[in-house]
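So the chains spell out like this:
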Amino acid sequence: MRNRIILAYTILLALVTISLFALEDNPAKAIMSLLNIGILIVPLVSSIFCTIYLYNSAEFIELLVAQPIRRSRLLWGVYLGMITALLIALLAGIGLPLLLLHPAATSLNLFFISCSLTIVFASLATLSAVLTRDKAKGIGLCLLLWFYFTFIFDGLVLLVLFQFADYPLDTAMIGMSMLNPIDMARIGMLLQLDISAMMGLTGALFQDFFGTGTGFFLIVLVMIVWMAFPILLAVRRFNHKDL
Amino acid sequence: MIRLLLLYILTVTAGAARAAIHLVKAGESIQAAINKAQPGDLIKVYPGTFREKGIQINKPLVLMGVDYPVLDGEKKYEILTITADHVVVQGFELIRSGYSSMNELAAIRIKEAAYVGIRNNRLNENFFGIYCQHARYAFIANNRIVSNGSSELEAGNGIHAWKSDHLVIQQNNITGHRDGIYFEFVTESTIAHNTSHKNIRYGLHFMFSHQDIYTNNTFSENGAGVAVMYSRQVTMYHNRFIDNWGSAAYGILLKEISDSKAAFNEFSRNTAAIYMEGSSRLNIYANRFNQNGYGIRIQASCDNNNISKNNFIANSFDIATNGSLVLNSFDGNYWDKYEGYDLNKDGIGDVPYRPLSLFALIVERNNSSMMLFRSPMVGLLERAEKIMPGITPEQLKDNKPQMKPLPL
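Residue numbers (my numbering), protein chains in the order written: chain W, 1 to 243; chain D, 1 to 408.
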């Protein structure tokens, strides 16, 4: 744990988690606030940390490329190193406090959701760093991706919902939610937290779909695709990149 | 009134002790014993299985089962029909009453009789359980009523009362029927300490029944919760409405109800704890709403209702409505989502709370948008709406929100 940013990130997460549970006497509300951290802050830090790290160690990577190491192996190594550091930070910052303060299925779910979003956004960040040589552009692209998935996408969904309100969109919604890893993570959590409200019309459909074994398997599968696809693309690109 | 009735039944039982006692053993006929008995006699039935094709009790009697003798309707007949006043039936196991799509066959029918006591019986696999028709002053207690009907058509109601008054229904346990307890045109009756769970449709179904009281009952996991419709002056105290889930399930559905009270009830984990439609002058206070999808769905057709001193904790939505007209008051509740402050430390928040969230309104208009619940985007919209209410009705607010949960 030599990296100061990771250390600060860990402490921040731990502080937020502990203080949320200390301030809220209702654990469900604390989990809800923590969910916001999980789907906003965690992806943001993950993407910024990864892009900055990759650009800062660009020269070191160039040096290593000169060595007899396969390029794909080099990028995988850097990538795995970054996500390991981020996941350790999550484990210490969210996982352990949750285990001590509120050991429940929702906590476990929240932890796994944060982990998978970390990996997804680390992959996206690696891809944007590999795609652009300019540091500012790369970080900008990465931030734009984060902004798109957290805000713009949901805004578009809302727009579509009201523009096509006369059509049965329930099944289409399930498809649309798969296009956004943050939405997938959020819905996975909602099915646990707001189960009673979700039992309303559309919610029941979601519950029928995602609440079953196949649905859960599908959520995991889609998340794995979201984790793997950008990094595989990045590795492919990096192999042929003119450094 | 309960006490009077109890006293009454006690006197009937005590009187019967002086009267003749007829014993019926396995293999003998209960109907024959009834025909032979004088009014006021006691008929003791010993264990055994009795397959009589419908027993008629047409004179005041006490019919007492010893160690639960079984009365079997063989899925063809109504088992017991009571047509006389002052009858007590206790300690029987009544099974397999007839099923008919024409007649509502029951295990026990009270037909145009008064002062009838039905207690400590076990009813299994019957079409209708206990059927009160033009019954008055009946006392139905401590019965365990179980059925395993699979659809609304195949199952009857556990306790069915029609055009009756002054009934006391207490400490019964009803499960697996169409409606646990069904009231139609029943007035001045009491339903207390019953448990009605896992019924196919409603745990309690109330229609055109005025001046009734129900207290300390538990209604859980029923297909659609509890429905109270077209009634006046209903009092609902200390009931528990739990785990009623489904797209059309409510803790309690209040439709066209007026001048009634609901207080000290607990609503936990229902899709909608209270759904109100066309109701007026209701006083809803000191209830606990925990972890429901919706706390109260109040349609714009409701007026002059007073919702106060309730605790709203961990509900996905506290209030939802379908229009912009607000004729109800929501003052003095505790809302766990309240974010205001209390400068003068009097325990009451200084800024009003608006319990209707913008998103609840969006979902009401477009059901599919439930997918975006708790999205940061929606959070932003909500914040903006909270600061400058433009879409949510301006008057829907709690002017005196409590800072701390009320001790309930």
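Treat each hint with caution, since some may be false.
To be verified - In silico DMTMM-like cross-links for lysine to aspartate or glutamate, where the CA-CA straight-line distance does not exceed 20 Å:
1. D/K404 <-> W/E24
2. D/K198 <-> D/D243
3. W/K29 <-> D/D346
4. W/K135 <-> W/D25
5. D/K337 <-> W/E62
6. D/K309 <-> D/E256
7. D/K75 <-> D/E184
8. D/K44 <-> D/E112
9. D/K400 <-> D/D346
10. D/K404 <-> W/D25
11. D/K309 <-> D/D243
12. W/K29 <-> D/E339
13. W/K29 <-> D/E382
14. D/K261 <-> D/D350
15. W/K135 <-> W/E24
16. D/K404 <-> D/D346
17. D/K337 <-> W/E24
18. D/K163 <-> D/D85
19. D/K76 <-> D/E154
20. D/K255 <-> D/E339
21. D/K337 <-> D/D350
What the hints assert, rightly or not - From the structure, some residues in chain W lie toward chain D, with a derived Cβ separation under 8 Å:
22. K29
23. S33
24. V157
25. L161
26. Q163
27. D166
28. L169
Because the hints were derived from the structure by calculation, they are not lab data. Yeah, the Cβ is synthetic: ideal placement off N, Cα and C, and Gly gets one too.
Verification of the hints:
1. D/K404 <-> W/E24: holds (12 Å)
2. D/K198 <-> D/D243: Holds: D/K198 and D/D243 sit about 10 Å apart, inside 20 Å.
3. W/K29 <-> D/D346: violated (25 Å)
4. W/K135 <-> W/D25: violated (44 Å)
5. D/K337 <-> W/E62: At roughly 53 Å apart (the allowed maximum being 20 Å), W/E62 and D/K337 break the hint.
6. D/K309 <-> D/E256: Violated, at roughly 23 Å.
7. D/K75 <-> D/E184: With Cα atoms ~26 Å apart, D/K75 and D/E184 exceed 20 Å; violated.
8. D/K44 <-> D/E112: violated (25 Å)
9. D/K400 <-> D/D346: Roughly 11 Å separates the two Cα atoms, so the pair holds.
10. D/K404 <-> W/D25: Distance ~11 Å between D/K404 and W/D25 Cα, so the pair holds.
11. D/K309 <-> D/D243: Violated: D/K309 and D/D243 sit about 23 Å apart, past 20 Å.
12. W/K29 <-> D/E339: At roughly 13 Å apart (the allowed maximum being 20 Å), D/E339 and W/K29 satisfy the hint.
13. W/K29 <-> D/E382: Answer holds: W/K29 to D/E382 is near 17 Å, not above 20 Å.
14. D/K261 <-> D/D350: Given that 20 Å is the threshold and the Cα spacing comes to 29 Å, the pair is violated.
15. W/K135 <-> W/E24: Status violated; Cα separation ~41 Å.
16. D/K404 <-> D/D346: holds (11 Å)
17. D/K337 <-> W/E24: holds (11 Å)
18. D/K163 <-> D/D85: With a Cα-Cα distance of about 16 Å, the restraint between D/K163 and D/D85 holds, given a limit of 20 Å.
19. D/K76 <-> D/E154: This hinted pair holds, its Cα atoms lying about 14 Å apart.
20. D/K255 <-> D/E339: The hint is violated at about 33 Å.
21. D/K337 <-> D/D350: This hinted pair holds, its Cα atoms lying about 15 Å apart.
22. K29: Result: holds, 7 Å to nearest chain D Cβ.
23. S33: Violated, about 11 Å.
24. V157: At about 6 Å, which falls below the 8 Å cut-off, the nearest Cβ of chain D leaves the hint on W/V157 intact, so it holds.
25. L161: holds (5 Å)
26. Q163: Given a least distance of 11 Å, the restraint on W/Q163 is violated.
27. D166: violated (10 Å)
28. L169: holds (5 Å)
Comparing the model with each earlier hint shows violations of hints 3, 4, 5, 6, 7, 8, 11, 14, 15, 20, 23, 26, 27; every other hint is respected.
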